[in-house]
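Asker: Throw the hints in and build the complete structure from the sequences for me.
Chains as they are written, first to last, in the numbering used here: chain P, 957 to 1380; chain E, 957 to 1380.
Any given hint might turn out to be false.
Stated by the list, open to error - Here are the simulated distance ranges between beta carbons:
#, chain 1, residue 1, chain 2, residue 2, range
1, E, 970, P, 1212, 52 to 58 Å
2, E, 1274, P, 1232, 31 to 37 Å
3, P, 1232, E, 962, 47 to 53 Å
4, E, 1234, P, 1212, 19 to 25 Å
5, E, 1115, P, 1216, 56 to 62 Å
6, E, 1195, P, 1280, 28 to 34 Å
To be verified - Anything over 10 Å on all C-beta distances counts as not near chain P; from chain E, calculated:
#, residue
7, 1013
8, 1134
9, 1153
10, 1186
11, 1254
12, 1264
13, 1292
14, 1306
No lab work stands behind these hints, which were simulated from the structure alone. A virtual CB, placed ideally from N, CA and C, is assigned to each residue, including glycine.
Number of protein chains: 2
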Amino acid sequence: MARRATAADLAIDGDRLLRRLRELAEVGADPRGGRTRLALTDGDKTARELVVRWLTEAGAAVRIDRIGNIHGVIQGLADLPPIATGSHIDTVVSAGAYDGCYGVVAGIEVLQTLRAAGEVPRTSVAVLVFTNEEGVRFAPDLLGSRVIAENLTLEDALVSRSSDGCEIGEELQRIGFDGDVSPGALRPSRFVELHIEQGPMLEAEDKAIGIVEAVQGHSWWQVTVEGVANHAGTAPMALRHDAGAAAMRLADTLIRDAAERGIPNVATVGMITFEPGAINVVPGRATFTLDLRDDSPYALRRAEQRLHEALLRLDRAGYRTRALCTSRHEPVAFDAGLCDVLEQVAARQGLAARRMLSGASHDAQMMARVCPSAMIFVPSHRGISHNPAEHTEPSQLVQGAQLLLHALLELANNPEIHHAPPAL
Amino acid sequence: MARRATAADLAIDGDRLLRRLRELAEVGADPRGGRTRLALTDGDKTARELVVRWLTEAGAAVRIDRIGNIHGVIQGLADLPPIATGSHIDTVVSAGAYDGCYGVVAGIEVLQTLRAAGEVPRTSVAVLVFTNEEGVRFAPDLLGSRVIAENLTLEDALVSRSSDGCEIGEELQRIGFDGDVSPGALRPSRFVELHIEQGPMLEAEDKAIGIVEAVQGHSWWQVTVEGVANHAGTAPMALRHDAGAAAMRLADTLIRDAAERGIPNVATVGMITFEPGAINVVPGRATFTLDLRDDSPYALRRAEQRLHEALLRLDRAGYRTRALCTSRHEPVAFDAGLCDVLEQVAARQGLAARRMLSGASHDAQMMARVCPSAMIFVPSHRGISHNPAEHTEPSQLVQGAQLLLHALLELANNPEIHHAPPAL
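Answerer: Here it is, written out as structure tokens:
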């Protein structure tokens, strides 16, 4: 019998990880070089079946909950709540290969590595595969983890209707993923999600790992400024109420606040239109979208205040303004102690890591309502995501999964140090 | 026989002026409450026939030149070049009642007033009605006066083709306005065009009359800024190349230069679009139009320089920019001595006048290439024009025509003071 490796020696099988990622990426391949596996479509069904097979190969007990989340668990030594990881395998239209899939395949790889090494940690370890994270086919996004976190009732979730007229409940049944487990049945003590960054910061700073401390909140607005349309040649500057100029000045101020003062972290004007829209007519109306994001609820609120103060100044100057909030999420802070553990393990692995924020939404922000949670990021080349060109170097994918393995082992083997005491 | 009034007592018939304006405004009336009489259409034909009838009633000898300009002349005592006035009766789509028509009807009113009073001035007085001033159906605009000014050859003008596929030459023949007079045959010694302001300045300053010293030049641009499209949540401000933000900052700077430093007189961004155009995507490309106008060729050139300097700075900062000039006219200065005469006559009439610029183009700027020229403006309510809501108070219309009468009389009766000596 071969010498049993110590926990510190354990290493995931990088080739298997990358092979499985490639195999999963083939499911739902589309003509644009991406893959399109909207939630609960036939493509999602095939991908789910593949993942269930891999979980089974890894020795996990697989169960499906009533909203279609997949639970794969390997049993620990003690009767303690499991340590969990996981992500999603549904995609946007013409997606890259790694968004979501990486965290799921790496989680399976951790289970299979433990199994192969005969390593049984103190607590159980679970991989969760969440239903409809992207929110492209069914609203809201993060749907499976929302139901677990009781941010959305199971009943409401099951009747969510897709753009193509199908109910989730019916689609789950159709693809054979209408499980019988209560979504809240598996209650982890810690949740760690591994994901690609989908932003350019790790690459720009040449860091292998991001320890995600928080998910930014966002505040989305549609802003309208009305002035007076006028002849571009005959209306003197001093007598104009140029709605376009006022809107651009306002947008510039808000973007500059973010760039120069960090209030909020990021501000984006993604769309703008002027009416009547002619080269020689002073705009009478301007409409633009505003996307504000920050990890601090106070900074987000302060940025919103600045928007409203600026609109009030325009109103006083004779414009008519309107601002409609089209979407809003408060920031989510991850668990500081858990981030410390991830950082220590990364340091032991010799990986260059930095603390950072997530700009995008992830299931971990719902799981943070259930238990102390955090995320690990690996670099995204040029920050490109939701795009077939999404890319992370194979070596970086392997490093991230290796970190996940040792982070989960550290947490699972030292529940008395790292875990909150079980509820009485 | 009634006592013959002295020239100083002469007064136009305000009721007849207003009645004719109303009658002309009915020709080509459209369902939106405006009138649509594009050049050389049936509506324009009807309006031309009406104007020819009125000129004939006013005792003028009427001739048509080869580009369809109508010449109506009353003979003076001396064999000297005529003093001329005039404007146009073609309209934009759904036009107001006064743009162009006012100058023509007031000119006819001047001739008819002189005729009725038995007043024969020293020089002849002519009314010119120019073909296709608006440039909506045929390009270029100011077409009839361009041909007179030799800015466009008759041959080129006659083959200009409308958006509906008709040649001007054929259309002139069709409506019976293909005359035989050479466009340059009537060579006035002075040209004065009476027009509504089409801007808000006279109303804002409570002035009855504007003495127009110059027509602003314009410089039109389509500006494109390319940066890098990115995720609005994950791309930090410092690592962005936000094409939309850069374009808005640039536009704001150029508009602010005009508003705060008067370089140029006016600057307008009438249209703007961002690509890809989503609330949560940093724009990768922004395109906007820029309309710069000034009465000084140096200021206009300086404003263009500022645009190009700003684009160069963006290029150096990693953006890719393009600026395409879509139209350009140098400013046209009117005759200073002629403006003085107009101002003195306005003062004698007790009319509050101010010197000003024309933001819009007018036939007078082409006539300025032929002889010393200038313009008289009357107020436009709220500056609205090219719109059925175009409005000038009846009393102001009468005041303007009255000023035109006495200005033309002053010029026609004092050729030795005001006129350039006839060419040897």
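Asker: Determine which of the earlier numbered hints do not hold for this structure and return their numbers in increasing order.
Answerer: Violated hints (numbers, rising): 9, 10; every other hint is consistent with the structure.
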